[in-house]
Amino acid sequence: MRTVKDAWMMVQSEYRGNKLKLVWASLFSIFYMGYIAFFVGIMMNEIVQSNEGHMAVDIMLLSITPLMGFVLNRSAFKYWSEDSYTRMLVYFKSLPIPATVILCKRKIMSVIAFSINGTLCFGLIYAFSKNMRAEMDLGDYIAFTITWIGYGLIVTGLYITFELLFSGKIYLVLTLAVLIVAFGVAFLVQMGGGNLFLYTILCSQEWGLLSPLMWGTLLVGMASVQVFSKWTIHRLKSRDLL
Numbered sequence: 002m003r004t005v006k007d008a009w010m011m012v013q014s015e016y017r018g019n020k021l022k023l024v025w026a027s028l029f030s031i032f033y034m035g036y037i038a039f040f041v042g043i044m045m046n047e048i049v050q051s052n053e054g055h056m057a058v059d060i061m062l063l064s065i066t067p068l069m070g071f072v073l074n075r076s077a078f079k080y081w082s083e084d085s086y087t088r089m090l091v092y093f094k095s096l097p098i099p100a101t102v103i104l105c106k107r108k109i110m111s112v113i114a115f116s117i118n119g120t121l122c123f124g125l126i127y128a129f130s131k132n133m134r135a136e137m138d139l140g141d142y143i144a145f146t147i148t149w150i151g152y153g154l155i156v157t158g159l160y161i162t163f164e165l166l167f168s169g170k171i172y173l174v175l176t177l178a179v180l181i182v183a184f185g186v187a188f189l190v191q192m193g194g195g196n197l198f199l200y201t202i203l204c205s206q207e208w209g210l211l212s213p214l215m216w217g218t219l220l221v222g223m224a225s226v227q228v229f230s231k232w233t234i235h236r237l238k239s240r241d242l243l
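Each residue of the sequence shown is one higher than the one before, starting from 2 at the first, in the numbering used here.
Calculated directly from the structure, the hints in this document are not laboratory data.
Check each hint, because a few of them may be wrong.
Taking lysine to aspartate or glutamate pairs in the DMTMM-like style, the calculated list, with each CA pair at most 25 angstroms apart, reads [stated by the list, open to error]:
1. Lys94 / Glu207
2. Lys131 / Glu15
3. Lys238 / Asp7
4. Lys170 / Asp241
5. Lys231 / Asp141
6. Lys231 / Asp241
7. Lys131 / Glu53
8. Lys131 / Asp141
9. Lys231 / Glu207
10. Lys231 / Glu15
11. Lys131 / Glu47
12. Lys231 / Glu47
13. Lys131 / Asp7
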């Protein structure tokens, strides 16, 4: 509990002294999630109407959903040019702040980011897509949303490891590799005659909030974050930050 308390104090202190930073991060999240929701909502609307799966929406969901676990601030966009995550880690360790607290802070930030960005993006998609509203009631759509958030958590475990164990340039390469894998998965599913988006809808419609797929992705997602966090803590002991 001490670790969680210290991590939460770090989260609060990051924005308490800089209200403008919080305002800009919030406004950018609204704009960015709204932009994504508008275009993804259009694709989903057409697919639900035709009931014919398209690889593009699978690629969007597989690649964008994990990014909802990031707080969209300057550090998130400067990691390649300024290696901002490594610099932040050097600063934290110089205070010194234990690696367990640093990891706990990152997990808390992910939960906050998924809660805000996920609600914004999937909420706006539901608002923009009249065919989604006609096809799924609110309870089914919540199950659909949580299913994809669970998947996002699975990949977030990887991103946390990339963020804290590698330099900005290597992090970029690894992130691109994840996106290529997402494209490959969507392609293979399409070639097999399936569609992840439509399958998720069917599971959510059939089971609602009792969906085995929803609970499965959520549990695996939480396990992924914990496993990768423990491994990251172990590896941080030997990482050269210079």
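Does Asp241 lie within 25 angstroms of Lys231 when you go C-alpha to C-alpha?
Answer holds: Lys231 to Asp241 is near 18 angstroms, not above 25 angstroms.
Keeping to a limit of 25 angstroms between CA atoms, is the pair of Lys131 and Asp7 held or broken?
violated (44 angstroms)
Are Lys238 and Asp7 close enough, with their CA atoms no more than 25 angstroms apart?
holds (20 angstroms)
Is the straight-line distance between the alpha-carbon of Lys170 and that of Asp241 25 angstroms or less?
Satisfied, since the Cα-Cα distance of roughly 15 angstroms is no more than 25 angstroms.
Under the criterion that the straight-line Cα-Cα distance not exceed 25 angstroms, is the pair Lys131, Asp141 satisfied?
Holds, at about 15 angstroms.
Taking 25 angstroms as the top limit, are the C-alpha atoms of Lys131 and Glu53 close enough?
Given that 25 angstroms is the threshold and the Cα spacing comes to 17 angstroms, the pair holds.
Restraint status (C-alpha distance of Lys231 to Asp141 at most 25 angstroms):
violated (34 angstroms)
Proposed proximity, Glu47 with Lys131 (alpha carbon, max 25 angstroms):
With a Cα-Cα distance of about 10 angstroms, the restraint between Lys131 and Glu47 holds, given a limit of 25 angstroms.
Agreement of Lys231 and Glu207 with the hint, judged by alpha carbon distance not exceeding 25 angstroms:
violated (36 angstroms)
25 angstroms limit on alpha-carbon distance, applied to hinted pair Lys131 and Glu15
violated (39 angstroms)
Could you grab the alpha-carbon distance between Lys94 and Glu207 and see if it respects the 25 angstroms cut-off?
Status violated; Cα separation ~49 angstroms.
Do the alpha carbons of Lys231 and Glu15 lie within 25 angstroms of each other, as the hint requires?
holds (24 angstroms)
Comparing the model with each numbered hint stated earlier shows that hints 1, 2, 5, 9, 12, 13 do not hold.
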